[in-house]
Each structure stands twice: as structure tokens, then as C-alpha cells.
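K.L.:
If you're matching them up, the sequences are chains A and B in order.
Each step along the first sequence adds one to the number in full-length UniProt numbering, with nothing skipped, and position 259 is 259.
Each step along the second sequence adds one to the number in full-length UniProt numbering, with nothing skipped, and position 77 is 77.
Quick caveat, the hints were computed from the structure, so don't treat them as lab data.
No experiment lies behind these values; they were computed from the predicted model shown.
Hints are not guaranteed to be accurate.
Identical copies carry no separate label here, and so any pair may be met within one copy or between two of them.
Said to hold, decoys possible - Below, simulated BS3-like cross-link-like pairs (lysine-lysine); rule was C-alpha separation at most 30 Å, straight line:
no.	residue 1	residue 2
1	Lys329	Lys151
2	Lys327	Lys203
3	Lys303	Lys151
4	Lys98	Lys329
5	Lys170	Lys319
6	Lys151	Lys98
7	Lys196	Lys21
8	Lys329	Lys367
9	Lys327	Lys170
10	Lys32	Lys98
There are 2 protein chains.
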Amino acid sequence: MNITVPTLLLDQEKCRRNIHKMAAKADQNNVKLRPHFKTHQSWQVGEWFREAGVDRITVSSLRMAEYFASHGWTDIMVAFPANILEMERINRLAATIKLHLVAVNSETIEALAQGLLHPVYTWLKIDTGYHRTGILPTDHGHISLTLESIKQSVNLYFSGFLAHDGHTYKQTEKAAVQAIHNTTVSALQELQTKYKPHFPDLKLSLGDTPSCSMLDDLSGVDEIRPGNYVFYDLTQQHIGSCTFDEIAVCMACPVVAIHPERNEIILYGGSVHFSKDVLPQADGSLCFGRIVELTESGWTAPKEGIMLVSLSQEHGIVKASDAELAKYKIGDLLYVLPVHSCLTADAMRGYTTLEGEQLEHLSGLLK
Amino acid sequence: MNITVPTLLLDQEKCRRNIHKMAAKADQNNVKLRPHFKTHQSWQVGEWFREAGVDRITVSSLRMAEYFASHGWTDIMVAFPANILEMERINRLAATIKLHLVAVNSETIEALAQGLLHPVYTWLKIDTGYHRTGILPTDHGHISLTLESIKQSVNLYFSGFLAHDGHTYKQTEKAAVQAIHNTTVSALQELQTKYKPHFPDLKLSLGDTPSCSMLDDLSGVDEIRPGNYVFYDLTQQHIGSCTFDEIAVCMACPVVAIHPERNEIILYGGSVHFSKDVLPQADGSLCFGRIVELTESGWTAPKEGIMLVSLSQEHGIVKASDAELAKYKIGDLLYVLPVHSCLTADAMRGYTTLEGEQLEHLSGLLK
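Kindly produce the complete structure, drawing on both the sequences and the hints.
P.N.:
The structure is reproduced here in C-alpha cells:
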């Protein structure tokens with residue numbers, strides 16, 4: 001492999017292992033797995049999920065739904081509040097695949113009921129504590145009103161209640177993640193009990209990467225939707241979702257300058273490559289990536305005494321101990337585990353496997 | 001215009017005004033303008049610079065240099081420490097255009113001297129206080145060593161000393177920016193005096209957007225390289241480089257949810273659209289964008305009582321007063337001035353002018 005510019009490496013073996021592990025866990029728990037594909041956004045990586053038995057997926061935009069539909073996926077949920085301005089796109093997709101949309105209010109339901117030409121599977125998003133969006137589980141007035149609108153619409157089919165526990169990302173203890181998960185499952189189950197008489201088939205959908213990775217018991221819902229686990233990253237390792245060894249992507253960045261007087265290495269690799277997500281350290285310092293070394297079959301665990309500590313648009317600044325600094329020279333490649341693999345993959349727009357194969361990312365295609 | 005997804009609007013008139021104002025200022029100061037094109041990365045916007053008399057440009061990568069070379073630019077500086085791993089690309093470019101590279105150490109100079117097949121204009125980057133990279137102006141040993149290597153090389157031509165005062169971005173007072181600028185100019189001039197006997201044609205190149213926008217006297221150097229001023233943004237307005245009225249780009253984002261109980265509007269528009277740069281406010285709160293209203297000929301100044309306060313991957317959260325909240329409904333578009341236009345343009349990969357024309361961004365092309 002001849003790497004000359006910032007490049008996102010993908011360890012296919014680790015990635016496939018992550019994919020199969022979660023599929024096995026879903027099976028054991030007797031829940032359907034509807035993985036979120038926004039992390040990888042690659043039809044090739046998608047095929048590895050198919051090999052693991054996955055037949056339904058989650059995406060975060062209609063464009064992403066179109067992309068994966070064009071690669072043979074026929075059961076796709078867009079897990080973002082339905083954007084009624086894209087009605088044409090919704091109708092085009094709904095004509096050809098089993099399209100699932102998420103509504104967070106009755107206004108959206110009414111607009112969909114008016115504009116839809118084909119059946120759409122509709123989930124109500126419940127705000128179970130993250131407080132980004134969704135209807136509160138106690139707001140039975142709004143929920144009933146919305147379900148009534150769905151019932152009267154020709155093309156809306158009520159699939160069930162959905163939640164996203166984004167607040168698990170702030171945790172670092174399994175017990176805390178478990179507590180959040182239990183609270184959410186019980187809130188969703190209460191709603192299920194209440195509305196099942198009117199919608200006997202209603203399902204429950206849940207599942208962020210921390211809870212799906214850290215918890216053993218994922219029963220009590222019908223499907224789970226983790227996404228980041230395909231690659232994991234330093235944020236997930238910090239939470240406790242994965243080991244360093246399960247992180248399946250790594251940036252290769254050219255060394256363009258070394259400043260021994262302040263123990264700094266300057267990389268070609270900045271916020272347009274990594275994105276700007278940061279992992280604050282216990283001592284208050286900021287981590288934008290951890291440094292590894294390549295091995296014959298992949299890469300090592302992160303090294304001590306060397307860390308990516310700052311990013312500007314194209315520059316990365318690595319702080320290194322004398323011993324680590326001495327190992328690098330200008331023109332070398334330095335390998336960095338990313339803080340947030342979803343955003344890094346989106347910024348890098350493609351992957352290079354350890355075998356040298358180029359894999360596509362939707363954001364690398366023409367708009 | 002039928003906007004249905006997050007879209008970056010470009011006010012062509014404002015943008016052209018920004019371009020012409022800086023060109024006139026350079027003329028008055030009798031310095032050459034070599035604008036940095038990394039902010040817009042668009043051949044169409046490049047043409048507006050050409051109309052303003054610009055014939056030399058700055059970029060931040062060899063790929064960007066290739067792009068603008070393919071659009072007729074023949075005098076291009078890559079203002080990033082030369083990446084010796086890209087020697088093939090350097091040689092391809094140097095064969096066809098006047099290519100300027102930046103070196104920050106003698107190792108790079110030696111590698112270039114060995115690998116170059118065509119003449120390259122070489123600038124030494126001096127660290128005048130930003131301390132990201134560059135050679136300290138007092139490090140005459142390293143500078144002399146490097147210049148000696150350049151002199152002995154066949155294909156390296158020494159153009160002069162270059163600096164980037166990135167620390168002006170932390171200022172908000174003209175006097176502070178003036179002090180930084182004066183210090184840098186005087187450091188560069190000392191080097192010029194010292195090395196002019198050996199390199200009679202050596203030039204000085206300087207110039208970030210804050211100093212080039214805020215200061216009247218830009219004399220004392222040979223060329224200036226501001227870039228962000230083509231669009232400006234909230235960061236530059238905060239520094240004092242521009243008025244709100246000079247910000248030439250604005251995001252249009254669909255409203256997908258409204259939460260009156262906590263005065264929040266949820267936008268389709270997150271960190272994959274805006275990037276994650278933030279502008280901390282005086283009261284400690286975080287600003288990810290300010291809200292404007294469209295007018296017949298562009299947009300208003302930012303409104304009070306409403307602000308983009310949080311971004312996740314695809315969601316934006318806007319906090320709004322009761323009065324502002326009451327103005328919006330689901331399916332509306334909300335217009336947001338960005339915190340950092342370079343990163344937002346890079347993430348958005350293209351522009352829509354107020355006249356509805358689509359303009360290209362390099363990052364929207366196939367890799």
C-alpha cells in the first residue's frame with residue numbers, strides 16, 4: 001500500500017467480528033437486529049451485515065435510504081424526525097421498499113397523511129430521557145391524538161414506539177447504562193400495554209451502541225438499532241462498549257514537521273479529516289486521537305506517552321514523550337485511532353482495507 | 001428555489017463585494033494579493049477573484065492545487081508544510097504551473113532537493129508566535145542551514161519567508177491584532193535584511209483574515225494571503241474582521257420538530273452539515289450559529305432571542321424565546337449564519353446562490 005495523504009484504514013476482520021458478535025447477541029435475546037448504517041455508509045460493509053443474517057436496516061436520511069435501496073436493501077427505517085419537505089423522495093422510496101419513518105409530533109403525521117401516495121410504516125418516537133426530541137411517554141394526550149391521525153390515514157401504518165437513549169453516551173458504568181435501559185424499556189412497555197388493544201401488532205424499537213454492547217439482557221423489546229459498533233472508537237472504549245482491540249478503523253497521517261523543543265509532531269490530518277469531536281481526559285487535557293503502531297495483521301493497542309492533542313483545519317498536533325518523539329521522522333506515517341468513527345468516516349469519504357481494497361462511503365459520491 | 005434538505009446559500013453580491021474590497025486594499029498598500037482558496041474551494045467563486053485582478057492563489061493541499069490548476073490558475077502556493085510523500089504529485093504540478101511550496105525544516109528541503117524533477121518556488125515558514133509550526137525567527141542556525149541546502153539544489157528556488165499569524169483569531173481588539181502584525185512584520189523584515197545579500201529577490205508573505213480585514217496599513221511585506229474573508233462568518237464578526245452584513249453564506253435547514261415546553265426547535269442540520277466549531281458566548285453558553293430571516297435581496301442581521309445551541313450528527317437544537325418560537329412551524333426553513341464558514345462549506349460540498357445557481361466545492365467531487 002502506498003499511502004501519501006490522510007487515509008482511513010479499515011480492519012475488515014475486526015469489523016466483521018463486531019458485526020457477527022452483535023448479530024449473535026440479538027439472536028440469543030430473540031430480538032430483531034436493525035443496525036444503523038450511518039456509521040459506515042458503505043454498500044460493501046453492508047454486504048458483511050447481510051452475510052451475518054441482517055435483512056433490515058436503519059439510516060439517518062432519505063438520501064442514505066436511496067443509496068442502500070439501490071444496493072438491494074428492501075426494509076429501511078429512516079431514524080430521524082420525518083422531514084415533510086422531502087415528500088417526493090418519501091413517495092419514490094415508499095413505492096419500492098418497505099419504508100419506515102419516525103414521527104415526533106401530530107403535525108408531521110397530518111402532513112404525511114396528506115402527501116403520501118404509498119404505504120409507510122410509522123414509528124412514534126418517545127423521549128425516554130435524552131430530551132433531544134420525541135413525545136414524552138407520559139403525554140398520552142399527544143400520543144393518542146397522533147395515533148388517531150395515523151389510524152384515519154390510508155397510507156400510514158402504525159409500527160410501534162421507538163426510542164434512542166443518547167444519554168448512555170455520557171455514562172462510563174455498566175450499572176448506569178443498565179438503569180437507563182431498564183427505565184426506557186419499562187416506559188415503552190407501559191405504552192405497549194396501553195395501546196395494544198388498538199394496535200395488536202405494535203412493536204418496540206430501541207438500542208444505542210453502549211446499551212447493546214454492554215448489557216447482556218436485551219429482551220423486552222422487538223428490535224435493536226445499534227450502529228457505531230461496526231467500527232467502535234475511542235469514545236465507545238471510554239464508555240465501556242468495547243475494548244481498544246475492537247476498534248476497526250484507524251487513520252494514517254503523514255508526519256510533516258517535528259518540533260523536539262516542545263515535544264510536538266505535526267501531522268497532515270486536521271478537522272477536515274478527523275472531524276472535531278474530542279474526548280476530554282481525566283486530567284483536563286483534550287484527546288483528539290490515540291496513537292498506535294501497525295503490526296503484520298493490524299495495529300497495536302494505543303501507546304502511552306503520545307496523543308493527538310489538537311486539530312486545526314488540516315494540521316494535527318501530537319504531543320509525544322522524548323522516547324516516542326525519537327521514533328518518528330518527517331515523511332513517516334503515524335496511525336491514529338479516532339474519537340468518533342461516524343464523523344471521521346463521513347469526513348474521509350471512503351476506506352482502505354488492510355488488504356489495500358478501496359471501499360465506498362456515500363459521502364464520497366457526487367451529491 | 002425548492003429547498004428540502006440542509007443547503008448552504010451563497011449571497012453572490014456580498015461575496016463579490018468582499019473579494020473586491022480586499023483586492024482594492026492590497027492595491028492601496030502596494031502589496032500582491034494571493035488569496036487562500038481553501039475557504040471556498042470552488043472554481044466558479046475563483047472566477048470572481050480573477051475578475052478582481054487576482055492572478056496568484058493559495059491552497060492547502062496538492063489536490064486543491066490540482067483542482068485550481070485544472071481551472072486555469074498557473075501560480076499556486078500550497079500553504080501547508082510540504083508533504084514529501086506526495087513527490088509524484090508535486091512533480092506533476094511543478095511541470096505545468098508555477099508551484100510554491102512551504103518548508104518548515106531542513107529535512108523536508110533535502111527530500112525535495114532529491115526528489116524534484118522541475119523547479120519549485122520554496123518559502124521558509126517562520127513561527128512568529130502562533131507556535132503551530134515553522135522555524136523560530138531567532139533560529140538563524142536552522143534557517144541558514146536550510147537556505148544553504150536550497151542554494152545547492154537544482155530545482156529549489158528560494159522565494160522568501162512566510163508566516164501565518166493564527167493567534168490573531170484569539171483576539172477581539174484591533175490594537176491586539178495590530179501588535180501581533182507589527183511584531184511579525186518586524187521579525188520577517190529582520191530576516192529579509194539579514195539574508196537579502198544572498199537572495200536579493202527574497203519576498204515576505206503574510207496575512208490572515210483578521211489582520212488583513214482590521215488593519216489599514218498592510219505595507220512592509222510583499223504579499224498577503226487572507227482567505228476566509230470571501231465569506232466571513234460569526235467567528236470573524238466576533239473578532240472584529242467583518243460586520244454581520246458582510247457574512248456571505250447562510251445555511252437553510254428544515255424544521256422537523258418543535259418543543260414549546262422547553263423553547264426548542266429541532267432542525268435537520270447537524271455536525272455533518274455545519275461541522276462542530278463553536279463560538280462560546282460571554283455568558284458561558286455555546287453558539288453553533290445565529291438565526292436570520294430571508295429578505296427579498298438576502299437576509300437580515302441575526303435575530304435576538306433565538307440561537308443554534310447544540311449539534312449532534314444530523315440534529316440541530318435551536319433555543320428560542322416564546323415570541324420567536326411562535327413564528328416557526330414544522331416544515332419551515334430556518335436560516336443560520338455559520339460559526340466557521342470554511343468547515344461548513346467543506347461539509348456541505350457545494351453552494352446554492354440566492355439566484356438558485358449551483359456552485360461546485362472540491363469536496364463535492366469524486367475522490
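K.L.:
Look at each hint and say if it fits the structure.
P.N.:
A quick look at each hint next to the structure:
1. With identical chains, the CA atoms of lysine 329 and lysine 151 are at most 30 Å apart between copies only, with a shortest distance of 23 Å across copies and 67 Å within one.
2. Proximity of lysine 327 and lysine 203 under a CA criterion of 30 Å is satisfied in neither setting, with 55 Å inside one chain copy and 36 Å between copies.
3. Taking CA atoms no more than 30 Å apart as the test, lysine 303 paired with lysine 151 passes in neither setting, with 57 Å inside one copy and 40 Å between copies.
4. Within a single copy, lysine 98 and lysine 329 get their C-alpha atoms only as close as 54 Å, which misses the 30 Å cut-off; across copies the closest is 29 Å, which meets it.
5. For a Cα distance limit of 30 Å, the shortest separation of lysine 170 from lysine 319 qualifies both inside one copy, at 26 Å, and across copies, at 22 Å.
6. Proximity of lysine 151 to lysine 98 under the C-alpha cut-off of 30 Å is restricted to the intra-copy arrangement: shortest distance 19 Å within a copy versus 68 Å between copies.
7. Within a single copy, lysine 196 and lysine 21 get their C-alpha atoms no closer than 32 Å, and across copies no closer than 66 Å, so neither meets the 30 Å cut-off.
8. Taking the closest pair of Cα atoms, lysine 329 and lysine 367 come within 30 Å of each other only across two copies (28 Å); inside a single copy the shortest separation is 38 Å, beyond that limit.
9. Within a single copy, lysine 327 and lysine 170 get their C-alpha atoms no closer than 36 Å, and across copies no closer than 33 Å, so neither meets the 30 Å cut-off.
10. For a Cα distance limit of 30 Å, the shortest separation of lysine 32 from lysine 98 inside one copy, 16 Å, qualifies, whereas the shortest one across copies, 60 Å, does not.
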